[in-house]
Structure formats: structure tokens, C-alpha cells
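There are 2 protein chains.
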Amino acid sequence: MSASAATPALVALDWGTTSLRAYLLGADGAVLDTRASSAGIMKLPAGGFDQAFEETCGAWLDAARLPVIAAGMVGSAQGWVEAPYVEAPAGADALVAGIVTVKTARGVTVHVVPGVLERGVLPNVMRGEETQIFGALASEPSLGASGGALIGLPGTHAKWAFVSDERIERFYTFMTGETFGALRDHTILGRTMHPAATHDEQAFVRGVDTARDAGHPGVLATIFSTRTLGLTGQLTAEQQSDYLSGLLIGHELRGLNEVLAREQSALAGKALRLIGNDALCVRYRAALARFGCHDARTVAQATEHGLYRIAALAGLIAAPVRAA
Amino acid sequence: MSASAATPALVALDWGTTSLRAYLLGADGAVLDTRASSAGIMKLPAGGFDQAFEETCGAWLDAARLPVIAAGMVGSAQGWVEAPYVEAPAGADALVAGIVTVKTARGVTVHVVPGVLERGVLPNVMRGEETQIFGALASEPSLGASGGALIGLPGTHAKWAFVSDERIERFYTFMTGETFGALRDHTILGRTMHPAATHDEQAFVRGVDTARDAGHPGVLATIFSTRTLGLTGQLTAEQQSDYLSGLLIGHELRGLNEVLAREQSALAGKALRLIGNDALCVRYRAALARFGCHDARTVAQATEHGLYRIAALAGLIAAPVRAA
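These protein sequence lines map, in sequence, to chains G and A. Under the working numbering, residue 324 is the last one in the first sequence; the count climbs by one each step, no gaps. Under the working numbering, residue 324 is the last one in the second sequence; the count climbs by one each step, no gaps.
Extracted from the complex, chain G is given alone in its bound form:
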């Protein structure tokens, strides 16, 4: 490489529904600078993409002419430009082939990474997570080997992706985070809750165990125990939120475990990876441990690594990358 590693080489955008995170990356993928903005695509006025882009990245582009890559809901039908889904199974090459570009007001071309669609009786879609998954594979190439890996992305809409042969083979979406918020803020369950100063691990684990153990008739029934354990003096008002969180994450993992059981596998003893914010990954690790899974490491900087890897494969930067 002719440029030093500290010379900016790529502007990489993680542009979702509620926020925009921008990274200035060096030729080796190192993060030289970051910007965070609340300019998520659902918060912008009509035609507001260009202005948000300028406010966030303008100074970087004034200083140097750089390629720009973006992933996330910015490529949805409600985004800046629609990058139609590529179909699973999908490798990084398919994502590169599906890139759609949009020209900004300052004349820069933004390369938008498509999401992934899995067809079937219950179709699934992701936008942004595919890039994080390939970032995880870039950091730990053995994950993408033919044996297969399971990668979890906790959040508003949690994803669990099965990866093998360097491809996203299939994935599930659990609306765990958003359902938690809707139940807490908009049903009777929230009325007896008091905010807690700290995370109550015991209440959380109790929720996980209740969801995991046999004998109940499903999540629509177990969630009511958030209220009745309070009524019978077994959960304080401060514990009810963490209990409900544990219940829902426990039901998610129970469902995942049932899927694994059909292929003679299980969470117990499995090695898997998590991508997401630290506090949430800590919760998931605690919940996974209740299912016998004690090897669930969090992948750091999956977003930056994924955007860098896809940009390199697309020829936007001259960087040494291994073949996809």
C-alpha cells in the first residue's frame, strides 16, 4: 500500500431507522474518526438525506476525496435509494453485486449495500445485520468455514443467522426488544412496574428459567405472571421489568433451541457469537448460560469490519482481502 494506515481511505455509514453512525476508516480498516447522529431514516424530513450526510461527513470529504459505503435501512424502500434484497443463501459477493449507488449533492457516490431476504412460508428480511455478519467473519475467518456457525444479533428485532461456507444460509427474526417495549409501555404489565436503579440479575434469570422450563402454555400466558407474581408478593415493582425481559429473551432462546433440536443440535455446549451493544450482549450471555451455552463471545466492531470488507471486495479501496 502506498498510503499510510493513518491516511483516510473510506467513509463507512451504518444508517438505520433511528440513528446514523459514520466511520472514517484507514486503508487497513482502522477507525480514524467517528460521528454519531440521530438522523435515522424515520426522523428525516422529505429529501433530508443529503443534508444529514453533509452534516455528518462533509468535513471528512472536504479534506479528501474518499469512497463512501453505507448499510442499513438507508437502502430500504423508505431510504435514500432502494437496494433490493438479495436472496439467501447469500455470500459477500452477492452483496457486492447488489450494491446500488446514489449521487449526493456534492457529487460523491454513495454505495448502498443491499439487505438479505429468505423466502419461505415465513419470509425473513435483514438490512444492516448482513454487513455485521460479514464483519464477524472477517475478524474470525474460521466462523465462516463449512462446519457452520450461529450468530445472534440481539436488539429491537433480534436476528439469529446460520452461516456456513462463507454464506448466510438462513436466519430468524424475533421481535423481542420491540415486544418488550410495547408490553411494558402499553399494557397492564407496565402499571405495576417501578423503574429500577440497577439491573436485577436474579429477577432476570427467574424470567429466563420460567420461559425455558416445560409446563407453561407459551409466552402469551407466561407474561401475565409478571403481574401475578407482583400481586402475590413474589416480585417487587422494581423487579418486574427485568423479569419480563428475562421471560421474553428466554422464550426467544427456547424457540431457537427447538429449531436446533430438529437438526440434532442444541444451545447446550454450542459455540456461538453475539453482535450488539455490550449491555444487551451481557443479558443474552446470562440467558444463554441457563440453556447450557457458555461460549457466546461478543464480536467487536462487526459493523466497521463488515463495511470495510464489502468496500474492499467491491474495489472501492485497494486493500488486501482474502477471497470471499
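Bear in mind the hints are in silico, worked out from the structure with no lab data behind them. In this text, a Cβ means the ideal position worked out from N, Cα and C, and glycines have one as well. A couple of the hints might just be wrong.
Sample of chain A residues lacking proximity to chain G, with all beta carbon distances greater than 10 Å (derived) [what the hints assert, rightly or not]: (1) Gln51; (2) Asp185; (3) Ala221; (4) Glu238.
Facing chain G, from chain A, some residues (calculated, C-beta under 7 Å) [unchecked claim]: (5) Thr176; (6) Thr187; (7) Gly190; (8) His251.
Could you slot chain A onto chain G? The hints should help.
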């Protein structure tokens, strides 16, 4: 009986969270007059019970001095007077023994029927439904026989009660109705829905079948298909609400079926009874049919019959009743 059947003998109140329904009953239990009010207990100003009672029942009590019985959330900690739960298994005699009274401003005594609590790992509570269940038993005494009956009460918090030997043995609560509202009104699922002029039976049944059939990892995952079937052109915006309704009711029945399976029973071929509003019971009957249950009749006037029966057992009216 000395009084004619058309002579008022009892004021019976079904007083819940969002509404108050009052019935003027004759000595034989016939409904002579009704009043409906939006004065649910959560809508009243502090101390508003007496005024709401007067506005709804005052004219009846001006005309005759009558006993008054009430069931529902009016007996909760947030109600007019708290009638502590009696514990399951509970017969009508236990409800009578648990009646708590409150004296109104006009000097009338209101007899408030307690709810039922089932202790356990997942405690359950009901208030109002216990009265409806004993109303159903009054209309169809064979239901209460030792063989046992299953009674479903669809709604915001659907209840499924196992009744035998004239007692509520145990029951489950599914937050189906309230979860549906929270998901539709406060998550991404509602954003792609358009209101439909009529119920779409096909979309509803598709949701029920999806929940019923094996292969998916639970309700937190299947609900996302409301959106993805729309994105892939398989559900119109108008169909998505009925599909989600079918999904949630299907998950409720699947969970109930799993409970039944543990006792070598099943919804398929089972005779059961429903108590609830007609439109909702029609939906549940259609969903139950997908589980092979084709004998799910709706019990009419369960509330009035239950209040009448408990009042008679409590000696508030002189009426012929069979022993509890």
C-alpha cells in the same frame, strides 16, 4: 314464590375496568331491564363509585328496595371495596363465603363477589370470569359434573378454566387481546396495516394455521411474518391485521393444546364452551376448528346467570336453586 316473575328482585352488576353493566333481574332470574355505562373502575374520579352507582341504578332502587350484587374489578384493590381472592379449587360456596359488602350513600348494601387466585410457579387470577363460569354451570349443569369441562373466555386477557365437581379447578390467562392491541398500535407491524372494512377469514385462518403448524420458533418470531408476507406481496395491507389476530389466537390455542397433551387430552374432538362477545367467539370457533375442535358453543347470558345464582346461594333472593 310469592312475587311474580316480572317483579324486580335483584340488582346485579358486572363492573369491570372499562365499563359497568347493570341488570334488573326478576325472582326467576329473568332480565327485566339493563343499563350500560362507561363508568369502568379505571375511569372514575376518586370516590366516584357511589355517583356512578346512583346514576346507573338509582331509578331502580327508588322504585323498590332490592338486594344488590356485583362482580368484576369493582372488588379489586383499586375497586370500591376489596374482596380478597379465594383460592382455587373454588366452588360457588367459596365465592359466597368470600363476599365483601360496601354500604352506599343511599344506605343500600352492595355485595361484592371475590375473584379466584390459583397459586403456583405461575400464579393466576380472575375477577368477574368466576361469576360467568358459575353462570354457565347454572345454564348447563352437566358441565360441572365430575368428568370435567373446559370453558374459554376470550378477551383482553383470555381465560381457559378447567371445571369439575362444580369447582374451578385451575385456569390459564393468555394476554392475547391486549398483546394484539399493543403490537398493532405500538410496533412496526401496524405501520404497514390498513384498516379493512370486513373480517378477512382467509387471512385469519392463515395466521391460525401458521401458529399451529410445527417448524417455527415461537410467537416472537412468527409475528414478524405479518410484515414480511406484506413485503413479499403475499398479504395485502388490509389483510395484515386479521392475519396477526389469527396468529395470536392460534398461539394461544397451541399452548392450550400442549397443556391438554400432558394429560392425554387434546382440543381435537373436545366439547367445550365459550363465554364472550359474539364476534370474538366466532373467531375463536373458526380457530378451534383448525385444531379439530368443532363443538365450541357460546354460553348466552353467563354473567346474569352467574350473578343470579351466587345471589341466591348467598340468600339475597328467595329463589329455587340446586345445591352447590
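Now for the hints, and whether the structure bears them out:
1. Gln51: With a cut-off of 10 Å, A:Gln51 remains clear of chain G, as the shortest Cβ separation is near 24 Å.
2. Asp185: Since the minimum Cβ distance to chain G is about 7 Å, A:Asp185 lies within 10 Å and the statement is violated.
3. Ala221: violated, 5 Å
4. Glu238: Per Cβ check, A:Glu238 is outside 10 Å of chain G; nearest 19 Å; holds.
5. Thr176: Holds - the Cβ of A:Thr176 comes within 7 Å of chain G, reaching about 5 Å at its closest.
6. Thr187: At 5 Å from the nearest chain G Cβ, A:Thr187 passes the 7 Å test, so the hint holds.
7. Gly190: With a minimum Cβ separation of about 10 Å from chain G (threshold 7 Å), the hint on A:Gly190 is violated.
8. His251: holds, 6 Å
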